[in-house]
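On the provided structure of chain A, position chain B as indicated by the hints.
If you want the building blocks of each chain, they are given just below.
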Amino acid sequence: DAGVIQSPRHEVTEMGQEVTLRCKPISGHDYLFWYRQTMMRGLELLIYFNNNVPIDDSGMPEDRFSAKMPNASFSTLKIQPSEPRDSAVYFCASSIGTSGSNEQFFGPGTRLTVL
Amino acid sequence: QKEVEQNSGPLSVPEGAIASLNCTYSDRGSQSFFWYRQYSGKSPELIMFIYSNGDKEDGRFTAQLNKASQYVSLLIRDSQPSDSATYLCAVNPSNQFYFGTGTSLTVIP
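For the protein sequence lines, the chains are A and B, in the order given.
Residue 107 in the working numbering sits at position 107 of the first sequence, and the numbers go up by one each step.
Residue 165 in the working numbering sits at position 50 of the second sequence, and the numbers go up by one each step.
It is worth saying that the hints were derived from the structure and are not from the lab.
Computed from a prediction, not measured in an experiment: that's the story for all the values here.
Be aware that one or more of the hints could be misleading.
Listed next, the in silico DSSO-like pairs over lysine-lysine satisfying Cα-Cα at most 30 Å (straight line) [unchecked claim]: (1) A/24 / A/78; (2) B/182 / B/171; (3) A/24 / B/157; (4) A/78 / B/157; (5) A/78 / A/68; (6) B/182 / A/68; (7) B/117 / A/78; (8) B/171 / B/117; (9) B/171 / B/157; (10) A/24 / A/68; (11) B/157 / B/117; (12) A/68 / B/157; (13) B/117 / B/182.
Pulled out of the complex, with its shape left as it was, chain A reads as follows (with noise of 0.2 Å):
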């Protein structure tokens, strides 16, 4: 399996613009993370899904930020406006389950900067 993948690796884009990101999952893992990593505040949980289900979002920032997974092979995050505050590495994970036994499997992380 090619792990999970990304795209795109890299994005700089100026405030104001819609910034898309794109995930798509190990085969056969039921749930989907979304993180944000910086230096300041580490690596934050922003949303995860279970079956295409969002079913915590609370780690979302704001209205700006917005996730959806159409099927079970595909998951975007989408920022719209994009501000310098949003620039940060984006990484996808997904897992067979929740339990720790179930490893999640980040994908290469999507670097943002906005400027």
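Structure of chain B alone, referenced to chain A:
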């Protein structure tokens, strides 16, 4: 108060020594505890998880959990330069996932 607290380091140890990484958490309902390793510019990868009080060993790595003190640690024996990375502690209360900001470890040859 943050859900998970780690000393950001940097922690430096000589090659062959024991590296000790520590983590405290605030939610007493947490059931699962994880250690991830993250190399610079890479994504986190799971090293170990632990549920029960006490020690869990896997090769050169030992995770220690003390729920009464809300404390989890990771020991790395015979540290190697390849262990140089940031180590993230994570806890899993009520199907949430909280990560610490990580401890940077450098193993000096």
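Quiz item: Straight-line Cα separation of residue 117 of chain B and residue 78 of chain A no greater than 30 Å?
Solution: Distance of about 27 Å is within 30 Å: holds.
Self-check item: Restraint check for residue 171 of chain B with residue 157 of chain B, where alpha carbons must lie at most 30 Å apart
Solution: Holds, at roughly 26 Å.
Quiz item: Quick one, are residue 157 of chain B and residue 117 of chain B close enough, alpha carbons at most 30 Å?
Solution: 24 Å, holds
Practice problem: Given the hint that residue 78 of chain A pairs with residue 68 of chain A, test it: the Cα-Cα distance must not exceed 30 Å. | Solution: The given pair, whose Cα atoms are some 9 Å apart, holds under the 30 Å limit.
Quiz item: Can the restraint linking residue 24 of chain A and residue 78 of chain A be considered satisfied, given a maximum Cα separation of 30 Å?
Solution: Holds, because 15 Å separates the two Cα atoms, which is no more than 30 Å.
Quiz prompt | Pair hint residue 24 of chain A and residue 157 of chain B, alpha-carbon separation not exceeding 30 Å | solution = With a Cα-Cα distance of about 18 Å, the restraint between residue 24 of chain A and residue 157 of chain B holds, given a limit of 30 Å.
Practice problem: Take the C-alpha atoms of residue 182 of chain B and residue 171 of chain B, compute the straight-line distance between them, and say whether it is at most 30 Å. | Solution: Holds, at about 14 Å.
Quiz item: Straight-line Cα separation of residue 182 of chain B and residue 68 of chain A no greater than 30 Å?
Solution: Violated, at about 36 Å.
Quiz item: When you check the alpha-carbon spacing of residue 117 of chain B and residue 182 of chain B, does it fall within 30 Å?
Solution: 17 Å, holds
Self-check item: 30 Å limit on alpha-carbon distance, applied to hinted pair residue 171 of chain B and residue 117 of chain B
Solution: With Cα atoms ~26 Å apart, residue 171 of chain B and residue 117 of chain B stay inside 30 Å; holds.
Quiz item: Given the proposed pairing of residue 78 of chain A with residue 157 of chain B, does the C-alpha separation stay at or below 30 Å?
Solution: This hinted pair holds, its Cα atoms lying about 22 Å apart.
Quiz item: Does residue 157 of chain B lie within 30 Å of residue 68 of chain A when you go C-alpha to C-alpha?
Solution: 25 Å, holds
Figure legend: structure checked against the earlier numbered hints; the only hint not met is number 6.
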